[in-house]
Every structure is written in C-alpha cells, then in structure tokens.
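**Q** Spelled out from the first residue to the last, the chains are:
2 protein chains.
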Amino acid sequence: MTDLRIALDAMSGDHGAAVVLPAASQVLAERPDLTLLIVGDESQIGAEVTALSSRYPGRVELLHADEVVGMDELPSRALRGKKRSSMRLAINAVKAGQAHACVSAGNTGALMATARFVLKTLPHIDRPAIISRIPSLNGYTLMLDLGANVECSADHLVQFAAMGDVVAHAVHGQASPRVALLNIGEEEIKGNDAIREAGQRLADSDLNYIGYVEGTDVFLGDVDVVVCDGFSGNVALKSSEGVAKLIGTLLREEFSRNALTKLSALAARPVLKSFARRIDPGNYNGASFVGLQGTVIKSHGSADSNAFANAIRIALVEIDYDVPRKIESLLASSLGAVAQQGVTPQQAAS
Amino acid sequence: MTDLRIALDAMSGDHGAAVVLPAASQVLAERPDLTLLIVGDESQIGAEVTALSSRYPGRVELLHADEVVGMDELPSRALRGKKRSSMRLAINAVKAGQAHACVSAGNTGALMATARFVLKTLPHIDRPAIISRIPSLNGYTLMLDLGANVECSADHLVQFAAMGDVVAHAVHGQASPRVALLNIGEEEIKGNDAIREAGQRLADSDLNYIGYVEGTDVFLGDVDVVVCDGFSGNVALKSSEGVAKLIGTLLREEFSRNALTKLSALAARPVLKSFARRIDPGNYNGASFVGLQGTVIKSHGSADSNAFANAIRIALVEIDYDVPRKIESLLASSLGAVAQQGVTPQQAAS
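Protein sequence lines, in the order shown, are assigned to chains A and B.
So that you can map any letter, position 340 of the first sequence is 339 in numbering that gives the first Met the number 0, and since no number is skipped, the others follow by simple counting.
So that you can map any letter, position 211 of the second sequence is 210 in numbering that gives the first Met the number 0, and since no number is skipped, the others follow by simple counting.
If you are wondering where the hints come from, they were derived from the structure by calculation, not from laboratory data.
All C-beta atoms, glycine included, are put in the ideal place defined by N, C-alpha and C.
Just so you know, not all the hints are guaranteed correct.
As the list claims (entries may be wrong) - Residues from chain A that keep clear of chain B, each with C-beta distances beyond 10 Å, as calculated:
| hint | residue |
| --- | --- |
| 1 | Leu27 |
| 2 | Gly108 |
| 3 | Val170 |
| 4 | Asn207 |
| 5 | Gly210 |
| 6 | Gly229 |
Unchecked claim - DEER-style ranges, computed between Cβ atoms:
| hint | chain 1 | residue 1 | chain 2 | residue 2 | range |
| --- | --- | --- | --- | --- | --- |
| 7 | B | Gly138 | A | Gln173 | 37 to 43 Å |
| 8 | B | Leu259 | A | Thr49 | 17 to 23 Å |
| 9 | B | Lys82 | A | Asn137 | 39 to 45 Å |
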C-alpha cells in the first residue's frame, strides 16, 4: 500500500454509519491521497458506501462485518465472542497492513482490549494508554492515561510520560515538552508511592519534567503533558465535560430569562456562537491509543460527523508522524532508559 | 456558653486578617446571637479587633497567637512546631468548649492534621474526610472526600458514604439522599477492589445507594452525595475550578475582540453579571471536615471576605444541626452497621 489508508469502524458508537459515512465524505474531499476501508454490515450500509465510492472512485472500499460490539458490552466478551465485528475487523486490517490506522467510536474498553490483543504492545511498554488534547488557556494540554488503566505503578507512569513526550514532540512539534505528574495539593500527603517514585525517576530522566501539577493546571497551567493513572485522568476529563455543559446550560438560562435578556442574547449572538465553537468538545474529538504496534483512534461514542471527521484527521496526523515507531525508537534510545529502570518491589519497600 | 460561638483563625490563608475581619463584621451584623473568638497576633490585628468589638459590644474577643502556619508548611511540622499558631489555638478553643466551631483559610493538610490530633475522630470513623457542595444542574452535589485521604479502603469509602448521607439529610434536609460512588466508564475495568467492595456493601445497606456515577454526573446527574477517595475528589474539584476559569476567560476574550463585540458585551452586561454571580466559586466556599469530634470549616486559601463569610455561615449551619453528634448517633444505630461490617485483610484477600 502506498497512499494513506484508514479503516473506519462504521457500525459502532451511538450513531454508527449515520455519523461515520458523512465524516468519511468530508475527509475524502480534503485529502485526495486518502483511501478509506469502511467496515460494516453490507446489507445496511452497502448502498451508501457505493454512492460514496462513486463520488471518490477507487478510494472507498467496503469490508463486510456482520457483527457489532455493543456500547455496554464487556471487553472480554467482545474480544472472545465478536470476532467478526466491525471493530475487530477494522483493527485486524491495521494488523494485516491493509490500513495504516483505524478509527472507531465503539466502547473504549472493548476497543482497547481488542487493539491490545490484535496489535500487541511495543517493546518496553507494559500497558497502552489513552492520550488526548484537553483545551487549556494555552491552547491545549496533552493528558494520559484517560481511562485504560485504573491502577498504575511507577513503571507505568514513567512509560506514559515517555510516550506523552514523544506525542508532544513528534505530533505537536513541541521542542522540549514540559511533562508533569498530576497530584493533589498538600506537600506531605502528596500522591501515593507510585506517584512519588515516578516523580523521582522522571526528575533524573532526560525528559523536561517540571514536577507535580494539580487539576486546575491541566486547564490553566504552563504544562504540555500531564501524566496520571487512568482513573484520575478519566475523572478529570469527565468532570471537565460536566462543568462545560453545566456552564453552557446556566448561560443559556440567564439569556432566556425574560424579553430583555433574550434581546441582549440576540445582540450577543455572534459572540456567543464564536464562543460556543471554541468550547465545542467536537474540536477535541479523537483520543489516541499509544503504546501499541499500530495506530488506533477512539472517537467519542456520541460524536457527530464533524467530530468524527476530527478523529479521522488525528489518525492522518499520527500516520504522518508514524507515532508507534517514534515511541519505539525513543524507548530503545537513551531516554528510554528511564522507562526501563524499574525498581523491584523489594527495593521500593526498603 | 449559651449563644453561638465561633473561633476564627485570623492569620492563615493568602490574605489573613484583611479578609477574615471584614467577613467577621458581615456575619456579626446578620446574626445577633453570634460571638466571635478572633485568633491572631494582637500586635497586628489588635486595633482592628477593638474597633470591631466596639461596633458589636460583648460579641468579639481576641485570643492572642504569635505564630502562623504557612500555606506550604508541612502538616507534621505545623502540628509539632506551631503549638501557638492561630490555627492550633482556634482548634484548641473548640476542644476546650470555648467555641462551637472554628473556621480557617489555612493549609488543608496542616488544618486536617491538627484538627484530627486535637479533636480526635468519632467512634467507628477511621479517617475524617472533607465534604463540600459542588455546583450542579440540580443546584449542588455533596462530594467527599475532597483531599484528606489519598488512598482509601472499602471501609473508608463506606464510612464516607454514611457521613455524606448524614450531612445531606441533617444539614441539607434531603429526606433520602441518593448516594453514589465515583467511578469510570467501562463495565469490566470499573474501579479498583476497594470501590467494588464498597459498592457491594452499600447496595446491602439502608442507604439510598444508587450505584456508580462518572465525573460528568457530579455536575449534571441526579445524585445527592458522591463518594470517592481524596485523590480523585481533589482532581474533580480542581479540574472543575480550572474549567470554570478557562471558560470565563474565553468568554471575556470573545466579548472584547472588537468594538462590535464590546458593544454587545455592554448590552449583555446584566445577564453576564447575573451569570458570573451564579458560577462564582465564592458562593460554594467552605468545606467541612467530617468524622471529627468537633466542627472545623476550611475556607479556600484565596477566598475574599464574601467567600470567607460563606464559610462562617456554613459553620453556623453545622453547629445548628450538631453534625458530629448526628454522625455519631447514626453510626451507633442500624445504619452504622454498614460502616462497621468491615472485612479483615485476610478475608478480603481470600
């Protein structure tokens, strides 16, 4: 395969093909070098894929999949029981070299379990992580892990830091990304043993490690990569979504309070629209699984077609920079030493 | 002591007496039954306290303290080395029965360590927790622990749930508070062992336990009390503060983009002001330490005088409802059984 090829799981997510196919059309129009492998049930989406293919001749292929992984399906059940699902076949296509990356809006746990099983982790990486941009005062912050690993050792956190550094550097062009560990305020009770040990090892590493940051700093701080366990990362991410929705709702309530406030909403409409565009979570849609021997991008399950198109664009960028190989080569080099110098539990306890 | 008496740590926090004394004046004017014990350095605040006392005769007392606990001071150092600090003497006053509660804007770790050492925990409570209201679509959600305990066992989480239930019921008048555990999305990898075990025990309890919620639900969901470890709780709280500030900044940027947008800001000013009041974190200032044999309220370190006054008002409410005694009696009764039926480590491991 010479041109760019991306496999799209067209059946998963809250809206399936209704969102995936319009998004595919958007990105095909932008990138003449792109071929899409649409994975889904031919009886349901065949006609639409044929129509898409006739608009972009030779650049759209349909791969039939007669199973779908449900949004609430257990990862282990999806992995064992849905071997002909659109999700599984899209990942298989990456493994087989038929696609450079795949994009799915399917359930995170099943997607991660399947991707890990099919693609395997990179050397020196124990666990893949989920990384994404989080909007911040400086544009955005990269944050990982956002939910793949509930409990993390110092080893895992250090590996996440090294991977986050590569993504910030290779994909986002940051010369010397500022990497920090997420922690809470008080000096003495700061973090747990894993965070403290990871902090010491990162301070001794070649990374531009700037120490601990708090939840506020993800959104306001001078930091490029925030590293945390997947539980805290998911809580931070979901909390930020909740607060943004809450504030949007309150703002709408205030503007629709009475005739006068409605009038001022009319006057402020261009500003409010521009503001809404800036905080639209769809702009940030598309989280990358890092640490795998292949590129998998997870779209939000409820993403609309514009948001899903953003996830495809992220896949394009990651292919362009060959993120898995970059992580692999970094971990094999000097900087990787930090990710591999794990202490044994006995040492840690002494 | 018959009337209400509250001890105020007048020296701690980012602004010390400059915020505490105006706040004291506000609340004294509202509550004629209130006497304040102002704890601080007489040479620095003596004149102002005398002026305050002359406006509210017989209702303001000064307790001299010549030490201050720094905002970055280690809790253990503050506890051992600052026995004459304003923070310590304010808590001592509660222990000695000279005040019904104390309020401090000092550093959380030192305040918690000192409060725990001086006041002791209630029977059946292993660890005190920090609880506060978090703004939500339904008004507010109570959340604990917000940062006192980094790692929590199932026992701790169950005790937090019982205490949150009491606060929601006794202080906030909720007949049957909906209690939930904070967790992350995926079914199979949900939480750690402590969360899963706590979930099982809460499901078997008399509490109105509604299961797991995610970070979004704290701000949008139909839940009254969200229970979590102090690390996740602190991350959720700080993230929400960060997002709120970020959104406020972006909104201001959009409205000050050019002459036209500035004009529309002028038109929208009453709406934006009313909106700003609704999301002002000062409205929610004042976190309670629960699980102690006494009432301690922590104000945000950077609170202004209106916000600090809110923290004093929370102390008044907690005194009114005698929260520590309510928690104690509930834990001694049937409902408390759930918080006490902890399994031994051997059982848990088997």
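**Q** Under the constraints set out in the numbered hints, which ones does this structure not fulfil?
**A** 2, 6 and 8
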